[in-house]
Amino acid sequence: MQQTVTAKLLDHPRNAWYVAAWDHEVGRKKILARTVAGRPLALYRTEDGRAVALADACWHRLAPLSQGALVGPEDIRCPYHGITYDARGRCTSMPAQETVNPSALVPSFPVVDRYRYVWVWVGDPALADPDLIPDMHQMTDAAWTGDGLTIHAPCNYQLVLDNLMDLTHEEFVHSSSIGQKELSESEFVTSHTDTTVTVERWMHDIEAPPFWLKNMRDRFPGFEGRVDRWQIIHFEAPSTICIDVGVAKAGTGAPEGDRSQGVNGYVMNTITPETARSSHYFWSFQRNYRLDSQLITTQLRDGVHGVFGEDEAMLAAQQAAIDANPDYEFYSLNIDAGGMWVRRILERMLLAEGRDHAPAPRAGAQVVR
Amino acid sequence: MAVSRSEAWQGGIVAASRALTPEIRRIEIDVDQPVAVTPGAHVDVRLSIAGERDRRSYSIVDATDGGRRIALSVYTSPVSRGGAAVMNALAPGDRLELTQPLNDFPLRPGADRYVLIAGGVGITAMVGMAAGLQARGADYRLLYAGRSRPLMAYVEDLREAHGERLRLHVRDEGTSLSIPDLVDSIAPGTEVYVCGPIRLMDAVRREWMSRRRPIADLRMETFGNSGWFDAQEFTVRIPATGLEARVRPDQSMLEALEAAGADMLWDCRKGECGLCEVRIVGLDGDIDHRDVFYSERQKDARSKMCCCVSRVVGSAGRGAVVDIVTT
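In the order they appear, the protein sequences are chains D and Y.
Each step along the first sequence adds one to the number in this note's numbering, with nothing skipped, and position 285 is 285.
Each step along the second sequence adds one to the number in this note's numbering, with nothing skipped, and position 1 is 1.
What the hints contain is simulated information worked out from the structure, not anything from laboratory work.
The calculated label-pair distances, taken between Cβ atoms and stated as ranges, are: (1) Y/Asp263 to D/Ala317: 53 to 63 Å; (2) D/Leu351 to Y/Ala131: 22 to 32 Å; (3) D/Gly38 to Y/Asp65: 21 to 31 Å; (4) Y/Arg248 to D/Ala69: 44 to 54 Å.
Some residues of chain D that are not near chain Y, with every Cβ distance over 10 Å (derived): (5) Lys8; (6) Glu25; (7) Lys29; (8) Thr35; (9) Arg61; (10) Leu70; (11) Thr140; (12) His152; (13) Ser191; (14) His305; (15) Ala321; (16) Asp327; (17) Arg348.
Built from N, CA and C at the ideal position, the CB exists for glycine as well.
Isolated chain D, as found in the complex:
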């Protein structure tokens, strides 16, 4: 029988696609240095626009390539002694010699541009199937519009997943915007597959909290009255959580599928482990009404940014408390059902890679994988 261990911090799978950056962050003006799943990367684009992810350490003396220069259609040049590499990480020239050392190369990682993000695979490249990228079609679908930002969360990625899988925290962390007591009082239903977890919660005939009242009035000017509110949290392994959220005029059939009298958003979250204690948290808020209003897009982005700043502060405080209380364990509650399924899926992914639950020390050779 498999036992789910409530590890406070969880190691991250390596055989997975993680978002390294927004697509606009990766270009030819500057080389982006970013650590993904413990692997420092130098990210740039070739002249024909392909995104490239190379290990950010020159083969020769490990100088960071991200501080170097782009030369020719696809090469990158080390800032220290000028050794150049192509987009595959293969050395193309060495200073002061007429040949190149046959073993000279830096690792190159599979990259895919999709859903406005640059996804990278730092595990076994032979397993890097683009079909494994989680579905975030609302990011680019013409029926949706929105924008987002990145949070550099000073915590283990698992804490962010826990945060998103149980939204009862909204009542306490986000009391001035989206929180309300009905979040904790209403029933929720959890379901899962081998790679996904869904938590669905409906709040019937309630007062709309400030954030949602504003959105309803954007769509239905002068709206007053009660609403039916929903949150359908959908996790896709290893660390993408898209949350279907919205409110509709109470009693107009939203629970039965008619959302025409409401407003619907998708909170698109994908979390990239950086180190065992830090994460890149990419989020966007997508909506399917008033598509042409940049005003609303910006207001929503800034509004959600403010809400997520409250999460960031809590996550930082939680990580600090975990580190300060190494002998204390986690306990679990009924509200953690979704998060616990996420943990079990991640543990199974780690097991399949021959690895343990707890984050490994960062340095040292990996003999057994």
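Model the placement of chain Y on the given structure of chain D, informed by the hints.
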């Protein structure tokens, strides 16, 4: 896979050793810690050669039992530097020290096409690469060159596994590999992986460069243990200090110089890095350049050599002499 040169040493026990050809033995080793083996990987083995602790690199042919058993193939040249003799003497139950798999020759997924070229025991590195490409459904060709069929290891296994994708080139059967024709036949976007004697690698590289093909598409693995000529004894002298040393056929010029008390710089010891370079100020004989560090132009100039692998040869029984300046 990522390039990792961090060495973790562990123990292993010889599980089996058998001759595949009169010159090549397959040695299977049960390692204490299971290992992940990527195509192109090798292990370094610690050996005691003539009382000196030394190390040799051997490509991994295959790994079985979840990475607990790895197989190497060891080639005994007529003038081995001594490592093969020690390896060949290993018997089941013997313990040895070896590294985790290291990989300076990784197979990169995602190319349009692949051509794998093996000469002689160089097939060792290609067995895993071909299997890896086949497993991924890649477009690949495997060319395997040797002197005669009985001297070529794994032929039947490879034919069974790769069928038409395998092409044998056997000198005694008149089907030697034509390198110019081969390079002409390779389409742009193809990655070429070569492992074998230095003359094979030099010939491929010369044809490749003369056609201005991208150097990054040509990948080579060299352990620096073959030459254009048979190794002979020769004399190396350093006129500035009066040092003189005889270089036996079973030792390198670098080893002879060090044994004679010269303070030498070196790193890779397989003719790749150029750190062991010496300048030639006098030469009675010819240079057998066995490195991949110098360009053809530099080799033709006969003014420098990588003393870790390259040698000097005389003609018609005359002992060769080289006078050098060390860095």
